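With chain A's structure known, arrange chain B with the ligand on it following the hints.
Listed below are the residues making up each chain.
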Amino acid sequence: MKLLESLASVCASGGARSGEAADEVDGLLPEVVAAPVTTEEVAAVVGLCAATKTTMLARGSGTKLDWGGSPESLGVVIDLSGLNGVVEHEPGDFVVSLRAGTTLAALDRELERAGQRLPIDEVVPNSSVGGVIATGLSGPSRYLHGAVRDLLIGLTVVRADGVVARSGSKVVKNVAGYDLAKLFTGSYGTLAIVTEAIFRLRPRPRAERYLSATFADEAELSAALSGILASQLAFAAVELARAEGGGPMTLGVLLEGHPDALERRMAGAAALLGKCAVSDTVPKEWGQLPGPVTLKIAVPLGFVPSLLGELSALETTLAIPLRIRGSAGVGILYVGLEPSTDQASFAELLQVLRSSVGSTGGSVVVLRAPASIKAGVDSWGPVAGLELMRRVKERFDPDRRLSPGRFVGGI
Amino acid sequence: MTRPQDALVAVLRRLRELLPPEGLVTDSAELRTYECDGLTHFRVVPALVVLARSSADVRLVVSVCGQEGVPYVARGAGTGLSGGAVPHAEGVLIVLAKMRAILEIDPANQRAVVEPGVANLDVSRAAAPSGYYYAPDPSSQQVCSIGGNVAENSGGAHCLKYGFTTNHVTGLEVVTPDGELLELGGKAPDPPGYDLMGALVGSEGTLGIVTKVTVRLLRSPETVRTLLAGFADTDAAGDAVSSIIAVGLLPAAIEMMDALAIEAAEAAVGCAYPEGAGAVLIVELDGPEVEVVTALAEVEQHCHAAGAFELRRAATPAERTQIWHGRKSAFAAVGRISPDYIVQDGVVPRTALPSVLREINRLSKEAGLRVANVFHAGDGNLHPLVLFDASRPGELALAEELSSRILETCLRHGGSITGEHGVGLDKVTSMAKMFRPDDLDTMQLLRCAFDPDNLCNPAKIFPTPRLCGERPGRQSPHPIEVAGLAERY
Ligand SMILES: Cc1cc2nc3c(=O)[nH]c(=O)nc-3n(C[C@H](O)[C@H](O)[C@H](O)COP(=O)(O)OP(=O)(O)OC[C@H]3O[C@@H](n4cnc5c(N)ncnc54)[C@H](O)[C@@H]3O)c2cc1C
Chain A
1 MKLLESLASV CASGGARSGE AADEVDGLLP EVVAAPVTTE EVAAVVGLCA
51 ATKTTMLARG SGTKLDWGGS PESLGVVIDL SGLNGVVEHE PGDFVVSLRA
101 GTTLAALDRE LERAGQRLPI DEVVPNSSVG GVIATGLSGP SRYLHGAVRD
151 LLIGLTVVRA DGVVARSGSK VVKNVAGYDL AKLFTGSYGT LAIVTEAIFR
201 LRPRPRAERY LSATFADEAE LSAALSGILA SQLAFAAVEL ARAEGGGPMT
251 LGVLLEGHPD ALERRMAGAA ALLGKCAVSD TVPKEWGQLP GPVTLKIAVP
301 LGFVPSLLGE LSALETTLAI PLRIRGSAGV GILYVGLEPS TDQASFAELL
351 QVLRSSVGST GGSVVVLRAP ASIKAGVDSW GPVAGLELMR RVKERFDPDR
401 RLSPGRFVGG I
Chain B
1001 MTRPQDALVA VLRRLRELLP PEGLVTDSAE LRTYECDGLT HFRVVPALVV
1051 LARSSADVRL VVSVCGQEGV PYVARGAGTG LSGGAVPHAE GVLIVLAKMR
1101 AILEIDPANQ RAVVEPGVAN LDVSRAAAPS GYYYAPDPSS QQVCSIGGNV
1151 AENSGGAHCL KYGFTTNHVT GLEVVTPDGE LLELGGKAPD PPGYDLMGAL
1201 VGSEGTLGIV TKVTVRLLRS PETVRTLLAG FADTDAAGDA VSSIIAVGLL
1251 PAAIEMMDAL AIEAAEAAVG CAYPEGAGAV LIVELDGPEV EVVTALAEVE
1301 QHCHAAGAFE LRRAATPAER TQIWHGRKSA FAAVGRISPD YIVQDGVVPR
1351 TALPSVLREI NRLSKEAGLR VANVFHAGDG NLHPLVLFDA SRPGELALAE
1401 ELSSRILETC LRHGGSITGE HGVGLDKVTS MAKMFRPDDL DTMQLLRCAF
1451 DPDNLCNPAK IFPTPRLCGE RPGRQSPHPI EVAGLAERY
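Chains as they are written, first to last, in the working numbering: chain A, 1 to 411; chain B, 1001 to 1489.
The shape of chain B in the complex, shown without the other chains:
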């Protein structure tokens, strides 16, 4: 077995021969700029960075790494919040950010074909002149890449009505760990065979590297109406959400912020939310004008009935942007009211929201740390932000403890450890709390089929890697069977 260092040297030598110098980063200062993603406390400097320009480049790197047994990690824009793109110290980081061509906007087939480095929002921008848009809209959409979205199965505020990345990808070109370039799906629906594309979406870059993506474009809605409602507390706002959903209304988005999150947003962007609100709801409806107008009136009734003290309809696109501005800047805004914070991402069944919020409140008091809540109320996806001051001894540990207890609360209510940020490195241990060993083992059967040598973004998602063993199909009978001493029964 070659030592990692020797294998790396071999990889570097091969790649130097095959790639132009500007495609390789070896300078240690420059390498350091890739040491983390959006979750900055996991830091690993990669041994080597490749700035891929084409699927051929990616294939080359993956093949060479495969031959030498060197691990590799894909990176898009590096906005991930679970450490998914954290490099391997003895591996290659394959950066897709330079592959940012929008290859096709095809309104007749309602599809766009793009390279993985394209920023999410740029797809909608390119499709807008034809009257179409790309629905999944993570808050990071100005920056995050479509490849990263595919890897994380990213959602956005509007996934309540429109679903997640997985519901909008119809084709992937992918370099598999054995160095093959595969075209899965495309512009037509239902390609025959196993839905490998479906399995790849959300696999956090552990099954292959996506080099081209075909997505569904939706016709832009005729009307969009946005409502801001102020409530005394999250219980009242939660009641409004429950009754809106219960009567069968399906807004495009229902977002909630609590008092502390509002305070932070005001401090950061001056969003002028209703004064004195203990919670606000942002409800957005879209679709045919006549439907939206009717539904908006109903939503307002439910908000009133639940005790909303102020309702504000966005009358102009500028007002709509203003309402969303507070919400979209909420994570960063918390930095205005606290030196440090942890962004948590948990999910609970929607009906459990009120009791989970009360429990978070209690945990927060116990720990003596503030928690701001920003969440996708319509589908029970919570983003509690745990505020702390790392300069105070022990507070980081306390904050981490609180954050993980919140996650356990979610699990106790039948929820999930992540609704959109992924497992990455951050939540590998939580996986064992959500799934049993047999469940994890079964997921890793898929991993073994794709990446038996465990080179493609290793150490992510799973608490313990499964040894894939020999490739099955080449199994030989047990020696005692050969000797005629036993039959399998």
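Only chain A is shown next, with the shape it has when bound in the complex:
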């Protein structure tokens, strides 16, 4: 039986079809797109791919397929968008289990009814939960509520050999066995395919206030930022933005709490920020990524102001316009560029940044970019523990069938 037919036969409702142009990943056309809708169907699909030595790539909503390295080969796209919906939500437990193809937005609509939320921002519109886990993508709320890895408490995965495995549980406190959810979060689908996830939840805040202030120079911004980070006002997010071409810098903070108490806290925040604008709805572009080409820079908190200074200087010397946005309170800045950016200047930017950021103990990753830009550079840069990571990959996916080439060191 041909692969397409066998895959179609195990995907009872979602079916399978030949790959089309719209299914391409970094220019690679998959032979087949299969759409399993249960964990068992995913296991059957993976089993068939393993038996036929076919490479696979899991796809949720398909919003981040140009992230990470380019895959080396692509046999089957496993479309998980039909594997969606909440499996269990007991409001009193503040825990939800759901299928990987569920979008953050759909989940939020469901949780809203119970006055709860999963405090993971929808950084990329229409993101599925599986894709967010695979890329470990957290937004501004991470400052107070933790990153994806911190909120994820249980996983069901299908291994490269088709075996279904679970780790964690549906109780928030649990130390039984290895915490494999941590290992799989941010692994870009190279170790296993996530089919179900369990998250801890938070109550929706009773009231929210966004405050923002602009600063003309880095010294002023730096003073305000240190004031905020050292304050006892318990901010929920501390964000920073700067338009290209050395424009003014904006510091945006979020306060969550009781409406009566918030007024007092806002006064405290305003004293730290200076003249600021206040809003009780999400500001435009809050937590969004700054460009079709995006670098992710992570530094120890205290280095954010000097990193900003360096970025401004590089913008001038390399003549590349840089849009900057990020979670200053966490130590993460995203730098946005245009896809038309000159390859050589891009490579130089990356190299200069890696050397200075590396000396702080941080990292610079090409988060997303078209294949043409990624081709000339190492998306990930130096990785501590790479040899051990390779050994982990060898144990979980010895034949390199899951998204080969997408991850660090060509894993």
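It should be emphasised that the hints constitute simulated quantities derived from the structure, not laboratory data.
Every value quoted in this text rests on a predicted model; they were computed, and no experiment measured them.
For glycine and all other residues, C-beta sits at the position ideal for the given N, C-alpha and C.
Honestly, I wouldn't trust all of these hints.
As the list claims (entries may be wrong) - Over 12 Å on every C-beta distance to chain A, these chain B residues come out as not near it, computed from the model:
id, residue
1, Thr1002
2, Leu1012
3, Leu1015
4, Leu1024
5, Val1025
6, Thr1033
7, Arg1053
8, Ala1101
9, Ser1124
10, Ala1232
11, Glu1263
12, Glu1275
13, Asp1340
14, Ala1367
Said to hold, decoys possible - Computed footprint of chain A on chain B, listed as stretches where at least three residues anywhere in the stretch have a Cβ under 8 Å from a Cβ of chain A:
id, region
15, 1152 to 1166
16, 1341 to 1350
17, 1378 to 1384
18, 1409 to 1416
19, 1440 to 1446
Chain B with the ligand alone, transformed into the frame defined by chain A:
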């Protein structure tokens, strides 16, 4: 294959050459002091103890053990409650307790860098002058080591709001079983690659030995308010917890003790909890003053509505300490009202708490043994203490039976066999009740990547070790494939 004895002799000879004499313990009386951790009924005298002073020492021991095929076990302060640090009779115990330097308190980056032997509380003490603290606060925090906390992913009363060790560690230096010294993470977030650090936290010393830890420091809250509420019984107290959580309040801690636990605490430390209480709740709120004051009033309303007959706010730090004193001494206090006891550690979904408590009560009556309950009510982590008298024939077995039936009750309600004490040696058989063979097999793939020879704290966590076989990647085709007789399809 060399016999274990010969291999040990070889290890000892090499280590004698390489380490100063005071770094090695070989005297049998002295060795015996390391025979158990906080769970004292598992006892194994190690063949050899190394008192490590540096990561270089640890690397040396791990490498030598690896070459000779001798198992080794890490030990911090030895307060673990699952037998995780129980030595191997034919192996080396690597004690990290001497590595207790606080290398850096770095308020600008909100991090501390410490050696693994540093006591948990000492991190907060060192950070306090800068206005920061280290959030995870196990009750054993005056003694237990950060390395042990990392290995166990320890929690504390305040993990309801702030999370566990895993949410506060941002960097680890670790000696892996192949003798490499790895730096994973550091002061910056999100290092690229697999989150090996996340996998190491909570791995109970089976994936490597941690020699340096970078942790997040949090700004000390502006205000902390502590409330003690007395209820007629655990049902009423449980109702209060449910409504506090349901309206979206997030206290830093919600702890519950039942009548027997209160009795024990009174006998031991005279904590003066509300007289006649069948259950008490300790609720602590922290954060900006204005938020805390508002939330405290709400918490009090919910307690009243659920039938609290006495509410006591701590007005001074001394009163706060007094309230916590009863709770924090509860385990040891049980020793005042019973010659022996077993500390259990199970978790249930919070909404299942009332029915699980009733079931524990029933099991306790059936067995004819008393059970005192102390627990982290906010997140469903129970610590039932099974009271017994080992001098009465058969009672130990009865107590163990009761304790494991309580755990099964937790599992039946979708819970976990351990919320913070770990699996260690104690719960290896329970692992097979919580996870299916495929789940355990998958976890051990990770183990095989780190420690294919199964030398690093073997026989812990997993009921049956997985044979790691040859290192993959060096696989050769099956002979019949070579002969062209079959293709893999
Ligand atoms: C009275 C009392 C109260 C307690 N309260 C709590 C509580 O509230 N919350 C909680 O979570 N726990 C609690 N515990 C359990 C215990 O204190 C914790 O598990 C603690 O983290 C153990 O630390 P330790 O240094 O004593 O580790 P040890 O007991 O020495 O070792 C524990 C495990 O960690 C491994 N290990 C130790 N150091 C390292 C290292 N450097 N690298 C790799 N592996 C290592 C050991 O091999 C072992 O498997 C309590 C214990 C007692 C006795």
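Here is what the structure says about each hint:
no., hint, verdict
1, Thr1002, "26 Å, holds"
2, Leu1012, "29 Å, holds"
3, Leu1015, "25 Å, holds"
4, Leu1024, "29 Å, holds"
5, Val1025, "30 Å, holds"
6, Thr1033, "27 Å, holds"
7, Arg1053, "24 Å, holds"
8, Ala1101, "19 Å, holds"
9, Ser1124, "16 Å, holds"
10, Ala1232, "22 Å, holds"
11, Glu1263, "26 Å, holds"
12, Glu1275, "31 Å, holds"
13, Asp1340, "25 Å, holds"
14, Ala1367, "25 Å, holds"
15, 1152 to 1166, "holds (count 7)"
16, 1341 to 1350, "holds (count 4)"
17, 1378 to 1384, "holds (count 3)"
18, 1409 to 1416, "holds (count 3)"
19, 1440 to 1446, "holds (count 6)"
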